[in-house]
Structure formats: structure tokens, C-alpha cells
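Protein chains: 4
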Amino acid sequence: MRFETHVVENETSRSYPYVSYRKTTRLRSLLQRETLDFLMEAHDGLSARIAENIGFMGLWASGLTISTALGYRDANEASPIQVLDAVERMADVTDVPILVDGDTGYGNFNNARLFAKKLCDRGAAGVCIEDKIFPKLNSFVGEDHDLAEIPEFCGRLRAIRDRVPDRDFVTVARTEALIAGKGQNEALDRAHAYAEAGADAILIHSRQANASEIFAFADRWQNRLPVVIVPTKYHSTPTCEFAEKRISVAIWANHNMRAAARAMEDVCLRISNEGAISGVEKDVMALDRIFELFKYCELDEASRRY
Amino acid sequence: MRFETHVVENETSRSYPYVSYRKTTRLRSLLQRETLDFLMEAHDGLSARIAENIGFMGLWASGLTISTALGYRDANEASPIQVLDAVERMADVTDVPILVDGDTGYGNFNNARLFAKKLCDRGAAGVCIEDKIFPKLNSFVGEDHDLAEIPEFCGRLRAIRDRVPDRDFVTVARTEALIAGKGQNEALDRAHAYAEAGADAILIHSRQANASEIFAFADRWQNRLPVVIVPTKYHSTPTCEFAEKRISVAIWANHNMRAAARAMEDVCLRISNEGAISGVEKDVMALDRIFELFKYCELDEASRRY
Amino acid sequence: MRFETHVVENETSRSYPYVSYRKTTRLRSLLQRETLDFLMEAHDGLSARIAENIGFMGLWASGLTISTALGYRDANEASPIQVLDAVERMADVTDVPILVDGDTGYGNFNNARLFAKKLCDRGAAGVCIEDKIFPKLNSFVGEDHDLAEIPEFCGRLRAIRDRVPDRDFVTVARTEALIAGKGQNEALDRAHAYAEAGADAILIHSRQANASEIFAFADRWQNRLPVVIVPTKYHSTPTCEFAEKRISVAIWANHNMRAAARAMEDVCLRISNEGAISGVEKDVMALDRIFELFKYCELDEASRRY
Amino acid sequence: MRFETHVVENETSRSYPYVSYRKTTRLRSLLQRETLDFLMEAHDGLSARIAENIGFMGLWASGLTISTALGYRDANEASPIQVLDAVERMADVTDVPILVDGDTGYGNFNNARLFAKKLCDRGAAGVCIEDKIFPKLNSFVGEDHDLAEIPEFCGRLRAIRDRVPDRDFVTVARTEALIAGKGQNEALDRAHAYAEAGADAILIHSRQANASEIFAFADRWQNRLPVVIVPTKYHSTPTCEFAEKRISVAIWANHNMRAAARAMEDVCLRISNEGAISGVEKDVMALDRIFELFKYCELDEASRRY
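Chains as they are written, first to last, in numbering that gives the first Met the number 0: chain A, 0 to 305; chain B, 0 to 305; chain C, 0 to 305; chain D, 0 to 305.
This is chain A alone, in the form it adopts within the complex (with noise of 0.2 Å):
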């Protein structure tokens, strides 16, 4: 079984009670069941693990902060290949399932199933491709933002699903119609046309700093298939509200990046001033506690036995 090739890079795993299902399933299952769930964002193998070991039942391999980890702009100057690895990484070292923020899928359908289908192999469990143009801006800059032609979107969208030899395999169409500004018909036209390509669940994107334009779009959606949303901008409204609209899965999708990045911003300035380490040395995290993460103790029972 494939889902085995991949847990095993994590020790403990075989006897984790849950890890019965491969880590597609689990995504599928998880996007379907009626309760709300939560996807938290990582970027690396570190942040995927630590997500992981706090609980949380599946990761967001998101394009911003991978590329922002990578010193790139969130504007597909990172590879698709560079995204590839990265995820390969995350799922090396964790046993929940992963669903890959593919931007547009790179380019045409040809580029999008083969990212997908590579996605698969690496040992993602779904991926999420947005109906803009390739190369892609970050949704939260500027206003340029031209959304592709539903037919051609919806290559993407069918080529990935013939593609991928893993029929659990998630696929999630996301709109950018509300970004755009083209309004609710719009947003739900488009939804509607990507289930009819074979989409698993839609994604529906805002900057608005409430919720209102998604839960507009929710009623009148009436959960054709699971939704998905992205509350980065909207992150005061309650989540329970989320859960009342019967979403499916919202993403926090960028909180590691961004609480690594101002933690480093702290400590560099910190070091920085009083020119000396022992005053942080309680705030970061001890080397004992990653040398646990990643069982290293594992690495020294290993060199004994064999």
C-alpha cells in the first residue's frame, strides 16, 4: 500500500491507532464528514512536524510561505519542482495527511496534472489549484487579479483527475472571483462548473475583513460539494459561525511562517542588542526538544543495533 511507503520515515508511526487509512483517505474523509475541521499551514519539514505534534489532523503546504521560507516571492518565482521537494519533506516526516497549495497548477493542464500527479508520488494527500493565469500574484497584493476561462480552468481540473492514478487523491478548485471582484454569480458560476469538472470540494477565497461575501456565497452554494475557506483576513469572525454555515475545513494558512518569522525578527534584534545569547537562551526552544522531535534517540539505539 502506498500510504505505507510513507509513514514510516517517522518511527512511532506503525503504532499510531489512527494511521489506518492511507493519508488521501483520511484528507477525502476529512473534507467530507460533516464537523468542521482545520488544516494548519507548514512550510518545511520542521514547521509540518510540529503541526503534526500538536495535533493537528492535516497540513496546508502552502505557496506563500513556502516561497517565503525560500526567499522567494509569493509570485511563482519558486520552481513547481522547489514546491515538490518541499512537500516531499513534510511528508516524509509526518503521518497526517497534506493538502498542497498548487497555486494555478503552473502553467496549462499539461503543467497542472503533472505537478498533481508528482504531488501524489511525493506523498501529498490532495492539491488545491485557483483559477487565475500563471504566473500568479499573492491574493492579498494589488488588485491584479484576471481569473482564467471557466473552460480552460476546468482542463486543469479534469487533467488532474485523469491524471492521478490515486483515486482518493483530493482535488480542490478555489475561486478567486470574489478577489477579482466579480461578485457572487460569478463565484457561484464558476463553483458550480469546476463539481461539474470533477472538483472534490471548493475553495472560496476572500480579503474582506468579515466573512460576510463567504457566507453569502455558502447559502446560496448549499454544500454541492464540501467548502474550504481561507479565513486570514477575516480571522475575528468566530469560528462557530464557520461551523453554522456547515463548512468543511478552514485553513490557517500561514500562522507558522508568520510566528516564526516575528519570533526570528525578536531574537535577531534581541541578540542583537545585548549583543549576547543568554538572555533568549529560555525563550527558544531547547536543542533537547528538537533532538525529541525528531528522535534522535532513535539514531543512537539504531547505531547499536546495527
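By construction, these hints were calculated from the structure, which means they are not laboratory data.
These numbers come from a predicted model, not from an experiment.
Errors might be hidden in some of the hints.
The list makes no distinction among identical chains, and a pair is therefore deemed to hold if it is satisfied within one copy or across any two copies.
Claimed, not checked - Derived pair list, reagent style DSS-like, types lysine-lysine, alpha-carbon separation capped at 27 Å:
id, residue 1, residue 2
1, Lys244, Lys232
2, Lys232, Lys294
3, Lys181, Lys232
4, Lys281, Lys232
5, Lys244, Lys294
6, Lys294, Lys281
7, Lys117, Lys244
8, Lys244, Lys181
9, Lys181, Lys281
10, Lys117, Lys281
11, Lys232, Lys117
Position chains B, C and D against the provided structure of chain A, taking the given hints into account.
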């Protein structure tokens, strides 16, 4: 000039007054001048950009933290080319020189010189190699730290010097004699041998909670070559004492990663407990600040210009 | 078929009549059955695709030839991740199983098991590791071929078996005892120890111009495990003799690369001398044949479909 | 000097008399001087090393052949970073300048300048980009070759010029106007616009079986900038005619790969039919010749020296 090749990624670099020398030359100066200087750890583009932005004059590309970010253990699980790729990402988004933790050089003299040569090509200013055997284990883990034979390790140093074409590229020889419990005489013998072999500086490593064995070394070494230290374990020793002992460079060796790890663990826990992101919003870096760090505005201007 | 090549890696492949088993299972069968089988060397996507297309039932991803194609020497100058990437490209465009030349495993037991695990993830069907020390040098070059200690090498073998989750993934133990001039007893002792440690087959290597020492080994070994050979140097020994000696698999270990190198040297020389390409046109592969090998027509159909 | 950074990989390079200029400067000279020069296709370290060794003064890193070697179709299936990695391997083992086929620049002005900047960092001497839209399809396949808008493509050219710090790095603008069936006026209009935008040379592409449309272009263009051609389809046109038309550079664009592919197909077929390798032994390159090309003797000497 090679240096120019690397700085321009960062648009504003052209106006930095101090960017009048190549990175290798600047790292060399940092080592050779009388004052005590500091290198801040970085492990990816983001951490490097932040550390530079706060004002550090040089970076330490740590083997431990690059490995950890990738989700590997610090036991040469990451391929040298993965470390190289990480260093390139750091070099591409910063103007300050980077000293790279080259572990043992990833094998024999041939692996070491090849790695150093590529580091130079990819924008690093120097490499530090340690007198252990590939694959190494982190110096703070376990007791299994066999030292390399002196002539063999000197061969690695000489091979690097002969191969890297940039005469200012820095080669730091790190001795693990004290880590391995071999005592001061061994450490000094090795340091002298490494000086003969062409090292530009000596990194004397210790995992004691105080600096006494470091200082004992410094007293007898008499600065034949600049001394570099890594006060991770003896962090409570006042920095002024390092200066008094005429230490050349102190490396804050893993604090960006440890700050990030702690912050990610905290933010994951809070979001998980609160089932929401609104509570952490003010404690993570604003997205606009991320966009500023990586000059998204340049992208906007440029898209009008081109 | 290229497109199918991408699906067969996984689940749906089971419906193809000839692809009725996983690649690992098929390689295992190839080794275990009575007949003599052949693996053809490949070093990149193109060579793999061609070898499969001609009808070879399995491929040998050679360390020498992958290194050479990349422009490295066969002395572990290439990073394991570069070999892994090359293997993935081969696996992605072919349906036949690939046995990967894993050199020494790139370090100790930990490097070996990590490499084997990733090979399995990336689509290889098996790995072969040899009982030398990292970094190795090509077996046909020089006299410096120190053997690893038997227990240490067995540790590498056991670590691979314990780590790779696919039970059919093949681990071949290659002994360099004859290359190192240690004689038949050493070779046999090692082979028996490697069998105990869980190897699936023994590769007995020789650089003599005839197969006598290989046959002497085979006579005493009595097929406790299947025997694999690399007749590069004793190429003039008739293949039927291998079959008589009940050799399981013969590897044509570098002939695609050497054919390519010779042809490129010839074509460069001719074009250089003639100052024109018209003379060589009929002697190089037609572009249409390249397009056929990689099914450009599928791309055309697909662009109409999506 | 950057150039020095790249030549020393090849030990003997120091003694080459002509290596007195940087690779970028030499490629620029090649383009600008009156004589007709040739670039030979290469796609990996081995093909590059062979072409240089035979005496070609420059190399063409072809998108088609790099893709094909990797097992991708020439439709931007390979990530830009994979092309970059391939080019670096070529540059590391050769002293002659490399002009890189940059396809469309892999997206918009930002992707194009980032790619060109990294090519320069990794040792290429120039880039050629074509006036089509990402993702492109090979010019010899199908009829679907939409041209980019002139101002947008000029933006890509200007962005490259502004970003790459080495003033001698060459930017070749390739127009597909004739491929797209747009006629001479369109081709000329575009060439003039690209010259205004700062291109260093114009590559005029054709897939006709004779050079008449190329020559018609050359007659009207009057060498405002040097002209580069790719005579793959009109190979039977005598080279002297190119010189008469004052073509600056002719690219032998895929012949190493096609020679290799043909030879591999032949050798696979023969080995498969003969069930043996003895028959082909004399027709493939001797291993010793491979060892010579990559200077294994240097490794041997060095292992005694270090």
C-alpha cells in the same frame, strides 16, 4: 565582479554604502580585524533576510538548523547538494557574507574541495569543516565523536585551498578535540597543524557550560590565527570576556531556528486550543511586513515598467 | 506508452494485463526464477525509455553512468539526492522495474536505509549496495578498494530491510572481495554473512577478463541466494555459460552511456570537420522518433480534450 | 573574477591559452565578430565535456534536449530549476561559453529575469528567449504557436538586461514569427523592437526545408544586430551560404542528443538480439576513455597529495 552577481537580487543593495567589497573579502576582514564580531545563524531565505535586516554583518549557515528545517537529523542525512541549495537561497536574498557549516566536508578531501568550490560558486563567503569522520553526529548528542587523523584532515583543508579560485574565500578549521574529550594538548596540536595546512581561522568547539576550556585554549594559542567560537552551551559567559580573550568571531549558532521552532509550537498550541486565529493575529508577523521584507513593491513597480 | 508510464506507477496499473504486479514484485520474480535475465543500464529518462522500448524487462541505474552523465567522477562526487532525482526520472517514464546501484549506501547504516527508503518512494524496485567504504572509487580504477568490516556492512543491509516498508523491494548485496584481491573464501564468507543479514541476492563482482573466478564462486555458493553478475570486463564469456552456472541476472552495466558517449564524440567530430550537419542527418535519430518515444501526440490530443 | 570561479573545476584549464577572458565576454565576441561561428548542442555534463573536447568554441544548452534527456516533453514540463541545474553541470566541466535556450523565459518578465540572473550565477554566458507564451510547445510540433505581444516580450528582454549584473552576459531574442506563419514584415518588426529593447542578437527561426526565408530576413535585416540561426530543418543548405549572408552564429541544436539516442537504440537492440555485450564492445566508448575525459588520474594524484 563575482560579488555584484550576487547582490543585485536584492534591489536596494546597490545603494548600500558598505557593499564595496566582495562578500569573501568582507568575511575575511571580519575574521582578521581586532574586534569581536558576531555571525547569526540562518537556515533558509527567510531567516537570512531577517537576520541581515536586523543588522548582523554576517551569517552562519548551520548544518544543524538547515537539516532541522528540512526535517532531517544533524547526522548528514541531508545531501550536500541540499545544503548547497539552501545556502544559495540565503545568498541570493542577502548582501552580508555567509560562513557555511560544512560539517566534515561530506567525505574525503575530494568531497570537501568539491563542496567548498560549489559553495563559492553559489555565493557563500567561507566554509568551516570539522575534524570528524563522515557521517558526523551533532556535537551535543552522545559520546561517539571520533576524530579524524590529523594528516587526513589537513589534506581536506589543503584540497579546499587549492581548489577554490577566490583567494579571499575563507576556510575555517574546526577542531572537536575538546568535544571528544582529548584535552588541550590535542586541541593545540591540531590547531597548529591546521594552520600549517592553510586554514584561515580555528573554530574551537566546546560543550561545557562555561568557557574555561575555550579560554585555556585561547591563552595558549596566542592568536596565531583568528579564533572562532560557538557559545551555545556556555551562553552565560559574558560576551566581554570573549573580547578580552581576543576571540575574533562568536557564532550565535542556532537561535533563529530555535526561536522559530518555539514560536511555531506556541502558535500551533494556541490555535489548536482556541480553534481560531484571531487570538494570535497580533503576535505573528503581519503579512505586509513579509511583503516589505521581500520587496513586493518592487514587483509592482517592475510590472508597470516592463 | 509515456502517458501510461505515469499511471502504472500506482493503483490503476493493475488492470494492464502485463503490468499485473508492482515493480518491486516483478524485480523480485526476475531474480528468483530459474532463467537467466538481463538488466540494461540507464542513466536518465531518455536512456531508460529507449531500453524499455527495445524490450528489456528491467533496468540498472548505474552509479558510474549517472555520475558520468552529470559530469561527475564515479567517486561519490554526486550527492545521493542527485542520484535519487535521476532514478525518479527513469521510473516516471518507464514501466519496467529498476535496480539502483546504491554504491556503498552513501555512508553508514543510517545513510543507507534513508537512501533505500527514498528510492522505494521514488519508484525504484530495488537497491544494490557494495561492501566498501564511503566515498568509494570505481571498481575498475586503481588498487585502492578497502572492504568494509563484515558486521558493519551487514548492519547496512539489515537497516535497509527494516526501514523499507514495501516487503518486495529488493536488496542486493554486492561484494568487492574479488576486486580487492581477497580471494574466494573471503567472498564466500561475506556472501553467507550478507544472506544472514537479509540480502535478497548476491552480486559477485570481478574485473578479470574471464569469468573463472565468478564461476568458481558460483560453484561453491550453490545458489543459496540468486547470483547477479556484471560482465563488463569478461564480456567475451558466452552468455550460455552464465546460464549453465545458474546465474540469475546479468547486468549490462554501462553500455547505453558508452554507446551514447562514442556516438556523441563521433558526431561532434564529423560536424566539426564538415562544418555542417547534413552529413550526419541520416545517422542520428529523427526528431519525429523522439517525439514518438515521448508521445507528443498524447499532448496534442490532450490539449483538445482539456 | 567570476570566470575563474568556474574554470578551475577542470584542472587543466589553467593552461589553456585562450582562457584569458570571461565566458560571457567570449560569447559576446563570438557573436559580434565577422566570421560565422558554431555552437554545439549539449544537454548534460557528459555531452558538454565531449563537445568541448572535440573543439567547439561554444555550447548550446537546448531546451528540447535537456527535457528529452530528463524524460520530459519539450513543453515546459521540466521546471526552470531543473534546466538551471543541468546548465550548471555543463558549465562546471567545461571552459567554453554556454548559450542557454531559455524558452519563453518561463513566464512573465519576472520569471525571465530571475531565470537569466541565476543562469549567470551558475556559469552560463548567455540566454536566448523566444517570443511565445508559457508554456511553449516545441517549434517543430503542431501548429499552435501563438506569439507574445511585442511590448510584453520587450519587457522580458529589458527586465533581463536590467537584472543581470554581468554586462557581457548575452541576451539573444528569438522570434518565432516565421514559425507562426506571420511573414517577413512581422519578423522584421519584431527584430527591430527587440533590438530597441536591448537584445544582443536576433535568432530567426524557421522550420522550412530550405533557408530561403532565413536569407530573405537576413537581406532586409542588414545585420543591425548579429543573426543567429538553427538550421535543423534546412540542414542541406551549404554552410558557406550562411557565411555569405553574414550570419553570425549557426547552432547545431540537437545533434548530440539525437546521436546518443540513435546509438542507444542501436546498442540496446544489438545487445537484446545477441544476448551479450561482446559484440558491441568495440563500438562503444572504452571505459578508459571516459576516465580520461573526466580526469580520473587527477583524483589518483590528488589522493596521494592530500
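*Of all the hints given earlier, name the ones this structure violates by number, lowest first.*
5, 7, 9, 10, 11
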